[in-house]
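Peer 1: Assemble the whole structure, with the sequences as input and the hints as a guide.
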Amino acid sequence: MRWVLPDHIQDALPSEAEKLERLRRRLLDAFRSHGYQLVVPPLLEYLESLTTGAGQDLRLRTFKLVDQLSGKTMGVRADMTPQVARIDAHLLNRTGVSRLCYCGSVLHALPSTLTATREPLQLGAELYGHAGIDADIEIVRLLSEVMRLAEVPASRIDLGHVGLFRVLAARAGMMPEREEELFDLLQAKDVPGLRELLADVAEPTRSALLALPTLYGGVEVLDEARRCLPDEPEIRAALDDLATLAAALADLPISFDLADLRGYHYHNGVVFAAYGSGSPAALALGGRYDRIGQAFGRARPATGFSLDLRELALHLPDATEPGAILAPTVADEALQAMVAQLRAQGEVVMTALPGHDGSWKEAGCDRQLIERDGRWTVEALQGE
Amino acid sequence: MSSITLALSKGRIFEETLPLLAAAGITPTDNPETSRKLIIGTNRPDVRLVIVRATDTPTYVQYGAADLGIAGKDVLLEHGGAGLYQPLDLNIAKCRLCVATQKGFDYAAATRPGGRIRVATKYINSAKAHFAAKGVHVDLIKLYGSMELAPLVGLADAIVDLVSSGNTLRANNLEEVEEIMSISSRLVVNQASLKLKREIIQPVLDAFAGAVK
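Protein sequences, first through last, are from chains A and B.
When we follow full-length UniProt numbering, the leftmost residue of the first sequence carries the number 1, and every step to the right adds one.
When we follow full-length UniProt numbering, the leftmost residue of the second sequence carries the number 1, and every step to the right adds one.
Any given hint could turn out to be false.
[To be verified] Facing chain A, according to a computed beta carbon distance under 7 Å, are these residues of chain B, among others: (1) G64; (2) G81; (3) A82; (4) C95; (5) A192; (6) L196.
[Unchecked claim] Under 8 Å between C-beta atoms, here's a sample of chain A residues computed to sit facing chain B: (7) T113; (8) D158; (9) D190; (10) V191; (11) P192; (12) Y275; (13) S279.
It is worth saying that the hints were derived from the structure and are not from the lab.
Every residue, glycine too, gets a C-beta built ideally from N, C-alpha and C.
Peer 2: Here it is in structure tokens:
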């Protein structure tokens, strides 16, 4: 038996695990200080509630099993956002704003890319109950703060709006499966493919859909969009939202991509993606999804973002703290007091169990406690 | 100062890309046909080329090992295109993806709805999708080359392969019985690169778009 793990599944060994935990605490503390309350949804639940309102891609990505107690099909969560929306809509029953955050493993039956993990450690924050743009501003600011805390260099936040796609797709009058194809082509900015698909769609919808994939870049994109998209109330409102957002977030590295819709199945307004240099894909995704609560019995305005902590931790530099201190196994009150004091200061102190001399450097020690003239002092590790 | 990497394959794609590169003001400093180098510099310090196998181009771009790439539509369909933007049809390295059989084989009878046919190909995904759309069961045999041999030695009823002149088919007593799609090369772009290195990539994109015939 060779102890290999299933494809796209991995352990986190001490140095990676330390980074993951350091980052998790740092980010959850930041969420807490912004008023986001932690919730811990279950690892698995009935399939219907996990995939309600989500698209085919999420359904394919969900591991399924049969509950022997009820005979119903259960799924292992592939995305925690619908779970948190269920908690807000169905369990908390707050009438005002509710801010929730979460961190936990999710499982993907299919990896999202050839090297992606099938067990991302999803961390996110969601804001329910406010339909106005202020909620979107708060969430994008929080995302930017998370990127800063995660020490991701040269980050960029790309904004889009699903409303544009929805209006144009409705105007094109496409069947659902063709709309799915349209969505995929837009995601790939596949202009030749779009031209083929839209051959018999009437103007000006056709030109507008063909223009969408070229509408990316700085704030000038919004002016360009006003020129080449039809002048309709919903489109105007979407572009106004984006302009308001850009003005309110002018100090952040904001850009636009009006064809970038990500998981539009449950999103319906402003969506965004955060990039860091050196990463071949977006690090965090989010946006507005006001309709998902409806499926759980209560429609609530909602916006939020989530990210894979494992991916983010790759960018985190190794801890620079000094190594551990080795304490001898001696029954000595002064020594115990010294050890307790060092630990209280945040030092790592480990006890030298007998018979392992010569292996303590490997265990992570670089200093040791030595008795000199009746006093315990910390000195560099000797004899290793 | 950031720089960009363009992945492309030797041979036809490289030759036909040279005029596009010239339009973007990029001249390679080596010729991959004569040089054994896999990384080729250009007259611009911020642009370099990497020479990869045609089927690997999307993979290099998907993982950001290259920011841009030039790949046939056939290769992109097999790869699936995850993580890539495909904004531009470059109209180069044109050919067709076709079904071919031995002369005299009754292809219409073999592919009547509910029929079953054995097909050898390296384009597994495209072949599967094509026959599924026709409602024909297909047994696929993955081969890596010399596809034309398969029907001659009874390994398969038909092949799905790229055809440009049709000379190889004729030389082996095969004929094209159905065109699946016409193929040309696409410019593919890594999604994060387009966002993070737009100031270098966008002018190249625009120059290519202007130079496409």
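Peer 1: All hints are to be evaluated individually against the structure, with a verdict given for each.
Peer 2: Okay, the hints, checked on the actual structure:
1. G64: holds (3 Å)
2. G81: holds (6 Å)
3. A82: holds (6 Å)
4. C95: Nearest chain A Cβ about 16 Å off; hint violated.
5. A192: Hint holds; A192(B) Cβ to chain A Cβ min 5 Å, cut 7 Å.
6. L196: holds (6 Å)
7. T113: holds (6 Å)
8. D158: holds (6 Å)
9. D190: holds (5 Å)
10. V191: holds (6 Å)
11. P192: holds (4 Å)
12. Y275: With a minimum Cβ separation of about 5 Å from chain B (threshold 8 Å), the hint on Y275(A) holds.
13. S279: holds (6 Å)
Checked against the numbered hints above, the structure violates only hint 4.
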